[in-house]
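Undergrad: Chains as they are written, first to last, in numbering that gives the first Met the number 0: chain A, 0 to 131; chain B, 0 to 273; chain C, 0 to 496.
Calculated lysine-lysine pairs in the BS3-like style (CA-CA distance at most 25 Å, straight line):
| hint | chain 1 | residue 1 | chain 2 | residue 2 |
| --- | --- | --- | --- | --- |
| 1 | B | K268 | C | K108 |
| 2 | B | K268 | B | K108 |
| 3 | A | K117 | B | K268 |
Derived Cβ-Cβ restraints for the label pairs, each shown as a range:
| hint | chain 1 | residue 1 | chain 2 | residue 2 | range |
| --- | --- | --- | --- | --- | --- |
| 4 | C | R26 | B | A124 | 28 to 38 Å |
| 5 | C | P106 | A | H68 | 55 to 65 Å |
| 6 | A | H68 | B | I14 | 39 to 49 Å |
| 7 | B | P24 | A | H68 | 22 to 32 Å |
It is worth saying that the hints were derived from the structure and are not from the lab. Backbone N, C-alpha and C define an ideal beta-carbon position, used for all residues, glycine too.
Residues per chain are reported as follows:
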Amino acid sequence: MSDLIPIIVAKYNYWLYIVLMMIGLYAMIAKNNLIKKLVGMNIFQTSIILFYVSMGCKRGGAGIPIIQHGPDAGHHVIDLANYVNPLPHVLMLTAIVVSVSTFGVAVALAIRIYQRYKTLEEDEILARLRSK
Amino acid sequence: MKTAGLIIVILAGAILLYATQDFPPWGAPDSPASTHVSPRYLQKSMEETAVPNVVTSVLADYRGFDTMFETSVIFCAGIGCFALLRIFRKKPEDRYYRHIATEITLHIKGGRIPEKSSEFERIDALWTPYDLIIKTVCRILVPFIQLFALYVIAHGHHSPGGGFQGGVILGASMILIAISYNMRTAIARISEKTDNLLMATGVFIYAGIGTLCLILGANFLDYSGLSTILFSGPIMARSHGIFGVEIGVGITVMAVMISIYNNLASEGKQDEGL
Amino acid sequence: MNDHYPALLIISPLLLAFIVSAMAWIRKGLCYPLAVVGSGLSAWFSVQLFATVLQKGTVDYRLGGWEAPWGIGYHVDTLNGMVLMVVSVLAFINLVATRKTVAAEFPEKEGAFYTLYLLFIVGLVGMTVTGDLFNLYVLLEVASLTSYSLIALGGGRAPLASLNYLYMGTIGGCFYLLGVGYLYIMTGSLNMADVASLLPAIYSSSAVWVAFTFCLVGVGVKMAFFPLHVWLPNAYSFAPSAVGSLIAPLMTKVMVYVMIRLMISVFSIDFTFSILKIGDPMVWLSTLAIVMGATLALAQKNLKRMFCYIIVSEIGYMVGGAWLGNASGMTGAMLHILNDALMTISLFLAAGNIYYRINGLEIAQLQGLFHRMPVTMACFVATGLSIIGVPPTCGFFSKWYLITGALEAGQYGFVGALLFSSLVNVILFFRVIEVSYYGDMQHAHGHGSPSEARAEAPAIMLVPLLILSAGLVVIGIYTGTIVNTVIDPVIPAALAR
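Chain A on its own, in the form it takes in the complex:
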C-alpha cells in the first residue's frame, strides 16, 4: 500500500482529467438531447485542455512564463526552474479557440434543427423523420 502512494501523488491529476474526459465522451455518445451532447463535448475538450496545461507544470516554485528582466534586457542567465513550460499554454490557447468556434457552429446548427423539428431530442427527431 505504501508503494502506491507515491504513484498516486505523481499521477493523480492525469487520472482526474481522464475521468473528466470519460464523462464528456459518455455524454457525447449516450445522451439523447443534442444540447446535452454539446455540453459533453465541452467537458471533453476542457479535460484535454487541463491535461495539456498540467503537462507544462513544474514543481518547486515555478511561476508564470514572463521573464523578469532588468534594464539590460536579455543578457542575464535565466533559471528555467523559475518558469513553467510555456508551450502547452500556447497550444491550449489554440485549442480553446477551436473549442469555442466548434461550439458556436454547433449551436447554430442546433438552432437550425430546432427551427425545423421543434425539438432537440434525438429520438423524437428520428421518429419524426421516420413517420414522414
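Following the hints, complete the assembly by docking chains B and C onto the known chain A.
TA: Showing chains B and C alone in chain A's frame:
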C-alpha cells in the same frame, strides 16, 4: 447505445489510464516536455524577440503560423454561423411598440409599421421590463471595459494578455450593450456590414503582415524581414511584428464574437433577440 | 519566389478568402472571380511545387524563419507534392464546374460560401504539407469547421447530418489531440521529424502505442473508416451538390494521407508493424469495411447515398493496402489516393449535373437519362468502369497493386473482399446504367414526352467532367511513371525488403 457507449468510454479511459504509468511524474522539472523544446523559448525569448511574456512570443512568433490558423478557425466560425443562420428575406412580422409617456404597449400584426417617432419606442416581442438601473450602469461601464480591453491587447508583451483575450473583452462590451438595451441599439453602433468587414480585416492584417515579410525577402511570418520598413533592428522588428499581429487578432476576435452573438441570439434576423 | 512555393500555396487561398468575405459586403459580383483567383493560384503553385520536388528532391520550408523543432516546418516530398496537387487542382476544377449550382442554391450567401470554400482548401492543403503534429490539428479543425458549415448549407436534413458529423468529428479531433499530447509528454517535441528521431528510445513505453492508437482512431473517424463511418453517408448525401463534390473526394483522401504520414514518418515502419503488430487486425477491419461498404451500397436507392457507401469501401482499400506491410500494398494505397480522388469527384460532378437537370437522384428517376444527357452519362460510365477496375482506367492499376500486395502478405480475405467489391460495383453501376439506358423505353414509349428531349448540362459543367474522365484513362496509362517517380522514392526501405 448507452451500454455500447459505456463500453467504449471505459475502454478508452482504461487505455489512457494504463498509459499514464510511463509518464514522468507530474510537474517533474526534468521531464522531456520541460527539457527538450521549451527551454529555448524561455532562454532566448528576450534575446530573439524582445518580448518578456514567453507565451506571447511563442504564440505570435515561434508558432505564429498556428496562431494565424487559430484566428482563421474563429473567422470560420463567424462566417459559418452567418451562413447557417442569417435570413435576409423579410416577411411582414409582428412588432411591439411602447408609448413612452403612458407605457401602453401596441402590438402591430404584419400591417404598416409606423415611422420613427419620439413618442413610441420599439420593444422586443419577448418583452423585458424597462430597467433604468441596468441600462445606466452598463452605459457607464462599457467605456471602461473597452479601455481595459485595449490595455490587455497592448500590454500582451509584458503581462498576461494579447489579442485573443482583449478581443473577447471588446466583443463582450458590445454584447453587454445588446443585452442591457436591445440588439438594435448594439447594431446601430456596429452595423452588420462593419462587423463583417472588421472580421475579415483582422485576419487579413495577420496574414498580410506575414505576406509582407515574404515580399520583403524573408520567410512567411518572419517578422525580422520587416526591419527594413520599420527602421529598427531585426529583434525589435519581431517585437513590433508580434504587436501588429495581436492587433489583427483582437479585431477579428471582437468582430466574430459580436457576429456570432447577434446571429445566434436573433436566430439570424439581427433584429430582436435576448 | 521559387523558395516560397510551400507558403504561397497556402496563403493565396487564405488571403483571397478574407478578401472574398469582405467583397460580399462591397461588391457581390467579385466574389466568384476572386475565389477562382485564389483557388487557381493555389493550384498553380502546387503544380510548380510538385515540379520543383520532382527535379530537386524534398523541399523544406521554415515558417517564421525558425528552425524545425522550435518553429513550424513544412516538409514536401514527392507523395506529399502529388497529394497537394491533387487537392488544389481538383478543388479548382470543382469550383469552376459548380458555379451554376452554387448561384442557384445560395443566391444571397455566395460570399460566405466561397469564403468557406477557400478556407476548406487551406485546411486540406495545410494538413498535407505540414511537418508539425499540432499544426496538423489546427488545420484539421479549419477543414472540419468549414465542412460542417458547408454541409449544413444544404437545407432540409443537412443541419442534422452536419451536427452528427460535428460530434463525431470533434471526438476524432480530440482523440488526435490526446494522442499528440501523449507524444508530447513523452518526447517534448511536436515536430514530426524530431518526434520520429526521439521515439525509438521509448518504443517499449505503453504511452507511445496509446498515442499512436488515439491518433489513428482520431484520423479514422475523420476518414470514415468502417466502424466509425456512420456520419459520412448522411453528411455527404444531404450536402449541396457543389459541396459534396468538393468534400467527398478530398477530405477522406487527405485523411488517408495523414494516416500514411503518421505511419511512415512519425511512428516508423518498424514500430507500426514489428513492435505494435496491429497490421493484421487493421487489414481485417479494412476487409470488413470493404464488404460492408459494398453491401450497404447495394441497398441504396439514391445515387448519392450509393456513392457514399462506395467511398466507405474505397477507404477500406486504402487503409488495408497501407497496413498490408509490404511495398506493393503501400504503393497501391498511395496510388489509390490519387485515383480515388479523381473517381469520386467525377462521380459527384456527374451526380451534380444530373441533379441540376432532373432535381432528384433516386435511381428510379434516372430513366431515359442516356438520351437526355449522353455526355454526362458517358463520363459516368467511364468513372464506373474505373471504380470497377477495368483496364486501362486508373482504378485497375491501384487495385492490381493492392491485390499483389495482399497475395504477397498472404491476406486472402482481403483479396476476396477486393474481388467481391469489384463484383458489387459491377452490379451497382450496371443497375444504374440499365435504368438510365433502357428505363424509359417501357414507360414513355411513343408519347414523345418532353423528358425525351436532349437536355444536357451546360458546357461549363460538362467540360470539367470530361477532363476528369479523360484524366482517369491518362493516369491509368501513366501509372508506371507515377509509381517510379512519385511513389517509389517515399516507400520506406523497411517495407521494400
